[in-house]
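Chains A and B supply the protein sequences, listed in that same order. Numbered according to this note's numbering, the first sequence terminates at residue 831, and the numbering increases by one at each position without gaps. Numbered according to this note's numbering, the second sequence terminates at residue 644, and the numbering increases by one at each position without gaps.
Check before you lean on any hint, since a few could be wrong.
Stated by the list, open to error - Result set (SDA-like, lysine to any residue): computed pairs, CA atoms no more than 25 Å apart in a straight line: (1) Lys199(B) with Leu246(B); (2) Lys671(A) with Lys268(B); (3) Lys671(A) with Lys464(B); (4) Lys209(A) with Ile625(B); (5) Lys241(A) with Lys516(B); (6) Lys348(B) with Gln396(B); (7) Lys619(B) with Lys671(A).
FYI, nobody ran anything at the bench for these hints, they're computed from the structure.
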Amino acid sequence: MALKIGIDVGGTFTDFVVTRDDAEPAIFKTLSTPSDPSIAVVNGLTDIAASMNPPLTLEAFAPTIDTIVHGTTVTTNATLTGTGAKCGLLTTEGVRDALEMRRGIREEQYNNRYTNVKPLVPRYLRAGITGRLDRHGAETTPLDLAQIKQAIALFKQEGVQAVSICFMNSFANPAHEQAAAELVKKEMPGAYLSVSTDLLPSIRFYERVSTTALNSYVGPKLNHYLDQLVGRLKGIGFNSLLLIMQSNGGVITPQLAREKAALTLLSGPAGGPGAGLFYVRLHGQNKCITTDMGGTSFEASVAVDAPMIKNDGEIARHKIALPMLDIHTIGAGGGSIGWLDEGGMLRMGPQSAGADPGPACYSKGGKLPATTDANVVLGYLDPGFFAGGRMKLDAAAARAAIEEHIAKPMGLSVEEAAAGMYRVACNNMAQGVREVTIKRGFDPREFPFIPAGGAGPIHSCLICSELEIPLQIVPRESSVLCAFGMLMSELKHDFVRTFVARLEAIDWARLTAMIDEMSADGTRQLVEERIAEERRRYEVKFDCRYIKQYHEVSFTVPRELIDARDTVAIARAFNAEHNRLYGYSLEAENTPIEIINVRVQAIGITDKPTYRQEAWAGADASKAMKGKRSMYIPETKGFRETPVYDGHKMHYGNRITGPAMIEQVTTAIFVSDAYDCAIDALGSFVIWQKGREDLAKACFKDNKEALV
Amino acid sequence: MSATKIDPILLSVYARTFKSITDEMSISMEQTTRSPILCEAKDYVTGLYDADGNMLEQTENLPILAFSLAPVCKYIKEYFGDEIYPGDVIFHNDVFSLGNQNNDVAAFKPVFFEDKLVAWTAVKGHQADIGGNVAGGYNPNAVEVWQEALRIPPVKVVERGKLRKDVWNLIFANVRLDIVQHDMKAEMGACTVGERRLQELLKKYGVESYEAHKQALFDATRKMMEAEIAKIPNGNYSGEGYVYFDGRFVGSKYTIRVDIEVRDKHIKFDYSRTDPQTNGFVNGTFTSSASATILTLLQMVNPDIPHNEGMVQPIEIVIPSGTILNAAYPKATTFGNHLCPPNADAIQRALAPVMPDRVTAGWNNLLASLTTGIDPGNNEKYVDIGFMGLKGGSGAMRGTDGYDHIGMIDASGGVLDQDYEMFEQQTPHTLIKHELLTDSAGAGEWRGGLGVETIFRIGSDNTQLVTFGDGDFEPAFGLFGGGEGGLNFIRLHYPDGQTVVPKNKDLITGVPMGTTYHQVASGGGGYGDPKKRDRKLLAEEIRNGVITAEAAKRDYGYEAA
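With these hints in hand, go ahead and build the complete structure from the sequences.
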């Protein structure tokens with residue numbers, strides 16, 4: 124009976140998912156404690172201990188936990204709020220401003236008041252050091268150690284907490300960086316140190332220096348937090364495995380997270396996409412769109428066999444070039460504020476009321492109308508049953524805010540205005556989904572849609588109508604999907620090296636040695652993490668492009684092809700991926716292909732919780748019906764008495780016809796007129812477009828034997 | 084039509100959907116074109132127009148393309164009259180029938196719904212070659228359009244869904260590179276993407292609703308624009324901008340003169356007093372010059388105004404034919420887009436007294452170079468557009484410093500530097516310096532954006548260097564007591580000790596290996612009295628070395644404690 128707990132720290136709530144083999148997962152939520160997030164972790168564990176049968180003290184409970192997987196946004200928040208460490212940078216003479224110039228971009232071209240982002244290291248602490256490598260890594264000017272010593276003296280005098288080292292062309296030869304690192308370690312033993320070639324030994328100077336500087340910027344904060352967390356957990360008697368979520372959807376040990384803090388920068392939503400896959404497999408699917416609607420933002424991502432990965436991204440306008448899940452975020456959430464632009468047109472967000480003061484209906488001082496206020500007016504949220512009744516919503520305040528700011532100026536009734544807010548918000552989210560599907564060469568209609576986050580499933584029918592998506596699956600754990608996903612995550616370690624060559628002229632001995640070195644580094648870490656040999660996997664990717672192109676396409680290369688040195692098959696794989704992404708390949712023209720980077724991901728398969736499937740409960744859902752309530756039906760643009768079901772009483776096979784509302788303590792699910800719903804064997808709410816029963820066969824009696 | 088009730092919520096949905104359609108067309112272009120100026124520099128525009136050619140929405144990746152399609156669309160509609168059929172595709176580039184630049188070739192596709200012409204989708208992109216005397220179309224010696232490009236007045240390459248092979252072949256028989264055929268097909272594909280999505284939308288809501296709501300959308304946007312114009316006091320305002328060297332006569336100088344008339348909700352830009360056209364290629368076209376005018380104005384108003392017909396309705400632009408901003412047939416015009424900076428200067432200067440909190444001081448003018456040669460490492464030809472070197476600072480405005488290292492106003496930060504390490508892989512050059520240039524910003528209560536200094540060692544023999552631009556005679560101007568930026572330059576220090584200073588529009592051949600290339604793209608102009616600049620900021624900037632203590636004392640009267 125392995126006991127595993129996934130803990131996801133969010134801005135307002137800290138989510139917990141508790142799993143034991145062959146038992147239904149349990150969900151807990153506790154208020155976050157931003158000044159020291161580890162306090163909420165212990166508070167939640169206390170609640171969980173008390174809920175045990177028989178109830179346990181924390182000290183009795185903690186030693187029985189086998190694994191805690193923890194997602195933290197400490198690094199994310201430090202970057203977004205500009206509260207990272209005081210940093211110094213050692214870089215090559217002549218290019219010390221690359222970090223600040225960001226290749227000369229201004230994201231808003233028509234906005235002359237749009238200013239550049241504050242650099243992670245101020246200019247006077249960016250030291251350009253004499254010493255140069257050419258494009259092949261050969262030294263053309265020796266490194267000036269005296270200059271480095273001078274810079275270190277300045278760093279010490281200025282109270283620098285973290286130092287970054289990034290030299291030109293170091294991807295081809297780390298010697299200069301290593302020499303500089305030795306000096307820093309000796310002279311500043313207490314400082315946090317990031318060396319570009321340890322973190323990201325691949326070509327592209329701006330990407331590398333920005334990533335390295337980010338690592339230093341957040342490293343000290345994460346270390347401080349992990350000290351607190353590990354200390355508290357030890358204090359209550361927890362001595363088993365603690366794993367930390369990273370942006371690539373995998374987990375790592377706290378020790379590695381301390382060294383490579385930047386790996387956690389975009390880890391907040393990274394548990395979701397993998398969890399989505401878990402639920403769709405029951406329906407014979409290997410792909411899905413996972414979305415997460417929170418208070419301020421809406422996140423969307425695609426998984427096909429595994430969540431989509433990208434090799435770089437951005438945080439607070441700083442480039443970070445570490446592999447991460449391809450998750451697109453837009454400013455749309457329950458707190459998104461509705462407003463009229465100067466032309467009198469209704470807009471939703473991106474400004475958000477957040478959790479504090481929150482939407483007007485929270486009665487915490489918010490006076491502006493938010494998405495949640497519209498949900499109340501439209502009857503989707505029961506003011507008496509929000510968060511299972513733990514929080515009362517003020518419907519009158521919601522109406523008043525919409526009346527004043529939207530309805531009156533637009534000459535609409537409050538209901539019409541609320542319906543408009545709902546529609547515009549859903550339209551915004553649908554466009555966000557287009558970003559991760561159409562833009563990446565996927566047709567959204569072919570993907571099951573997983574709406575997560577407390578407010579997600581109220582909006583998903585309209586989003587799916589907009590995109591013509593016929594199938595939705597709402598997991599029972601949808602309100603804590605990320606925490607759940609963390610428990611499903613593997614240990615993942617990414618390595619990259621730059622290797623520039625024409626595909627047909629590869630020095631295979633060198634390339635294979637490089638791959639073996641990276642794999643060996645991976646093995647070393649997996650061994651430290653006590654992963655047995657049969658649970659280790661290695662995935663090799665090449666980043667290639669047609670010559671004279673500017674961007675590479677990353678694609679998986681099976682080890683057999685490398686061992687067989689089969690460039691023809693490798694080229695074919697590249698052409699196919701290029702064609703999928705961009706709609707063409709240059710295979711027929713025989714355009715030469717060049718390899719730029721080679722990547723290895725070392726994977727340690729973790730123990731997953733196993734799930735008990737529910738027993739067949741029949742199609743009749745009438746026992747779960749709580750009553751009826753008037754709510755807005757988008758298809759007919761009017762209010763209708765609509766049945767309300769208690770989701771906790773619905774079980775495998777129960778079937779209902781839309782429109783209907785399904786309420787659980789942490790989620791409400793709105794099934795609109797165009798959809799029907801049934802429960803599958805994992806307890807998920809499966810919602811299909813009327814007439815498309817074929818997509819939900821796994822929920823019907825004739826098929827139940829075929830499932831198990 | 085007028086009977087249809089306007090649903091204010093549906094209006095938002097239409098606006099958002101139009102935007103998402105042109106964005107999707109833009110993504111299709113990014114993903115299917117092959118020439119780097121399209122898929123990398125994104126020098127293209129995608130748009131949606133109503134049956135009469137009024138702009139419904141547009142995604143222009145570079146602001147200079149803001150106004151480049153709608154006028155042509157109207158012209159094409161008139162040109163073909165009632166001979167427009169479902170499945171047609173029409174090409175166009177002709178600068179003497181409202182094209183903006185020879186190399187910018189457009190594809191237009193009429194959109195039909197229930198047998199009625201309801202809209203147009205269109206894409207225009209900078210093609211890698213379009214015939215003429217010189218590959219790529221940059222011909223500083225041209226005096227007539229035929230030395231620059233193949234003229235394509237409106238021509239149907241596809242009629243009723245059938246490719247007109249003869250017409251297609253006639254065009255591409257006059258173009259050097261096969262990649263252009265591919266990229267024009269990409270433009271046609273993007274038009275089809277837009278056509279399909281618009282038809283889906285019409286299926287959902289019907290033509291009547293579409294017609295009524297698009298009109299309401301124009302009206303709402305027009306009101307936003309009119310409200311912005313109404314903030315400018317009524318009156319007549321004039322300003323000048325200067326063009327140095329026409330590529331032919333050393334010492335030549337031309338003046339752009341704009342007379343702006345503001346009457347309530349209407350604004351008129353009249354360029355009648357602008358100098359005559361040049362005899363070389365330093366001439367604008369009506370469309371490129373009008374785009375420059377509009378983008379400059381757009382930067383002074385609410386940046387959220389949607390880009391549709393309503394936005395341009397309150398704006399009138401008069402540019403007589405035969406002036407440097409609107410050359411008469413058959414003059415050469417390749418340099419036309421680069422007349423945007425002096426045009427913007429003229430407008431900023433004219434409006435500064437009445438819109439003191441909206442205008443910026445002068446931006447650094449573009450001076451750019453392109454190097455080509457054979458990389459001795461692999462014996463292959465390389466071509467490098469020196470993006471990193473050309474990006475100077477923008478002008479300051481009241482309350483906001485200029486943006487450092489942003490580059491010309493026509494792109495406004497939309498074109499990126501090469502990555503340093505990729506630069507060293509793709510060329511034989513070695514980068515020595517690319518840093519913000521100390522003391523380059525115009526002083527002011529709000530300083531100009533800093534310029535940038537670029538030094539690299541040329542790694543190939545017999546290297547060819549093309550320069551184009553300005554900004555080496557007159558620095559970016561300051562406003563309201565703000566100081567000027569610095570001057571641009573490009574200098575070549577040959578290994579034998581000789582220094583060559585190319586003209587701002589020049590071709591230098593035979594540059595030897597080991598030559599040091601040195602370029603400054605200087606800073607933008609400052610705004611307001613430097614004495615009033617925040618002293619804490621100055622102290623920080625001295626510490627950061629973006630200004631020297633001497634300059635702080637000289638220009639700001641600041642002495643460190």
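Any of the earlier hints contradicted here, and which numbers? 7
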